[in-house]
Amino acid sequence: MATVEVPYQETVPLHHPKTWIGKYIFSQDHKIIAVQYGITAMAVGLVALILSEFMRLQIAFPGWEFMNFFTADHYYQAITMHGMIMVIYLLTAFLLGAFGNFCVPLMCGARDMVFPFVNMLSYWVYLLSVIILMISYFVPGGPTGAGWTLYPPQTITAGTPGFDWGIATMLISLAVFIVAFTMGGLNYITTILQARTRGLTLMRMPLTVWGIFIATFLGLIAFPALFVSAVMMLLDNFLGTSFFMPAVVSLGQKLDYSGGQPLLFQHLFWFFGHPEVYIVALPAFGVISDLISVHARKNIFGYRMMVWAIVAIGALSLIVWAHHMYVAGMHPSFGFFFATTTLIIAVPTALKVYNWILTLWRANIRITVPMLFALAFVLTFIVGGITGLFLGNVIIDIPLSDTYFVVAHFHMVMGVSPILAIFGGIYHWYPKLTGRMLNDTIGRIHFYFTFIGTYAIYFPMHYLGFIGVPRRYYETGISEFYPIAAHNLNKFITIAALIVGISQVLFIYNLVHSYFKGKKAPANPWGANSLEWCTPETPPRHGNWEDRLPTVHRWAYDFGVPGEEKDHIPQTVPRRKAN
Amino acid sequence: MTDTTLSTQESIFTSTARDWSSDMSTFKGVPWGKAMMWIFLLSDTFIFTCFLVGYMVMRMTVTEPWPVASEVFALTVWGVSVPLLLIAIMTFILITSSGTMAMAVNMGYQRRKWAVFWLMVATAALGASFVGMQCFEWTKLILERVRPWYNPMGAPQFGSIFFMVTGFHGLHVSVGVAYLLIVATRVVRGKYDHTNFEIVEITGLYWHFVDLVWVFIFAFFYLW
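Residue numbers (numbering that gives the first Met the number 0), protein chains in the order written: chain A, 0 to 578; chain B, 0 to 223.
Don't read these hints as lab results, they were simulated from the structure.
One thing to keep in mind: the hints can contain errors.
[Unchecked claim] Simulated coverage check for chain B against chain A, where a stretch passes if three residues somewhere in it have a Cβ under 8 Å from a Cβ of chain A:
hint, region
1, 67 to 79
2, 186 to 192
[As the list claims (entries may be wrong)] Calculated lysine-lysine pairs in the DSSO-like style (CA-CA distance at most 27 Å, straight line):
hint, chain 1, residue 1, chain 2, residue 2
3, A, K17, B, K33
4, A, K22, B, K190
5, A, K30, B, K33
Cβ atoms here follow ideal geometry from the backbone N, Cα and C, with glycine treated the same way.
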């Protein structure tokens, strides 16, 4: 008889810090680290939000006196910083740093991450990367204005704002972020693989954990490409190497570069950049699957298919990167391959959407605030996904590339959708994290402003793109060939954007106010089944569980099981013996 | 729990499927640190892969001729030019260090702490001498006026990519030397007495990885 395996975390005592600083500042508790990640990401996200409002004002009202301080250079710097902050420092950091840290140990029934010290370092290195990024506003020339894709040669040639110092802080900040992500990501994967509790098989894990798991895996594979391209571009800029720089004439002078390959940067960048879309999307998929199932009181439709769809999307996302480069001058026959793989991704993605809808089918839907955000996510993701089919085809992409259609597409699919998932997740897990309920009325007002507002912003942008309005233009100047309707539409979009931006104050007010004055939350306010709702205390203390880790007997989706009295059965409840 | 007599007979597919569908841990009996090191090495593999892909692209796109490796990396010994002499010695040393590392791992599982210590110190010394020889090679190239941005023998990208990739690998070796020395000291000071000395194997994984990467760098930079 082999010895019975015991979860390793049950056998080792956890080190409990005695000081306030050890508990709340240099904390090794995954929940505190999650909050630290979340607050930092939201703070830096607010910066990016404000930058986008300035851009919108400039686009809608070019030549307005109030906007005189906002020069073309500022506009391009704002575009770059907005994109980079939103994609990496907000979305990646929030979905993996905050949700990953909070959900993974709790949902796996673990006391903490496997290496809490490395986990703590991960946050502080992330904070360092954010600080370096913000320093770029204080270096000579300001931050880089090359666009978030940072394409050479223009990124490091004179004329682009921040071509000497701004790009250096940007690239160093990215490299530091990758170090932080690696430390966190190694922890998430090892925890999920090696530190689950009794009875928790991989196929009993909530889909949130699956999404975070595969997304982290993608991150560990994709971020190295960004790291390498950052190192090579730094060398091009400061040592005068010519990795990405061909012979260039700039401002009438031939530069000292020759023989480099700008397309190499694009390949490396998008080998990171495309999986990055799914690094953001997969945790959002997971969160939404859990939210829909819990708040519709019905098991998730096709759990196994949902898991394999996540795995398939993750694998496919590594071989589609050059669909961002149809007009970049690569060999045209590449387009055929990458268009094919891109459209194949639609299959597992559509499968997930159908399964969400089938989960809702004849369910006992409770329109709570998290559920509103989850439903909005599904709608928004369908819109963004379908425009993705347009852009995935070479022949349709070519006329649409670098127009507002592209802006509308990627904001719908990886801007608004993951943000809705983040909001939904916050409204869902806030009671467990703080022990207080968020204010429901403010939550609903916040939802409708955000949801309808973002549609008011991005839906008309598709139309702008179809009539050929180019993106990333400071002002259209003498090339104002498009109809007056487009100008009016731009004004409408800007006003909508301002309203959405301001309405986020409601959300922050709600977070802060409810923390002190909110209703006391019960241990399981939504009637959910997964392990985080089974903790002995709310909010869970350091170590999460009592002496013994919980034992899992079933999956996390037993809602409305026929023949059962209660409408939900937590994962820790033993299964009845078969008659 | 499964009967052990049965499990010896089952195929690798069956046991893999059983481990992946089990609870608690997917890789049975694998310590956390070891699992984490494997995943880190997977990530690091992609860093070096990207560097080497960049190198291949450079070889395809440069407009000026690429220097001939057997001439650039030749040493003149007693008036005779021997191609790749230094690199052969460096490769030999690094692969030898992998041998001493493997012996250290073996001694670790036998709990012979001083044997582990001296074998790890030997590994670190071999690694350090590798870095030393790399410094010598860099100096030689720099004295021949090869720079990251300039190369008298043809394409400037030769210098750029050579210094970048061997530098990045040398950094890995240097970090490995420090890592080896720290672990070796902690082993004899009894920090790991309560464990099975897996830490020696984890350090070894990293060291073998650095060694393996060198084989690829050797093939791509010196033989191509």
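Going down the list of hints, with the structure as the test:
Restraint check on the region 67 to 79 of chain B versus chain A: 0 residues with Cβ-Cβ distances below 8 Å, three needed, restraint violated. Given as covered by chain A, the region 186 to 192 of chain B fails the check, having 0 residues with a CB less than 8 Å from a CB of that chain where 3 are the minimum. A distance of roughly 30 Å separates the Cα atoms of K17/A and K33/B; the hinted pair therefore is violated under the 27 Å criterion. Restraint check for K22/A and K190/B: satisfied, since their Cα atoms lie roughly 26 Å apart, inside the 27 Å limit.
For a cut-off of 27 Å, the pair hint linking K30/A to K33/B stands: about 25 Å separates their Cα positions.
Checked against the numbered hints listed earlier, the structure breaks hints 1, 2, 3; every other hint is satisfied.
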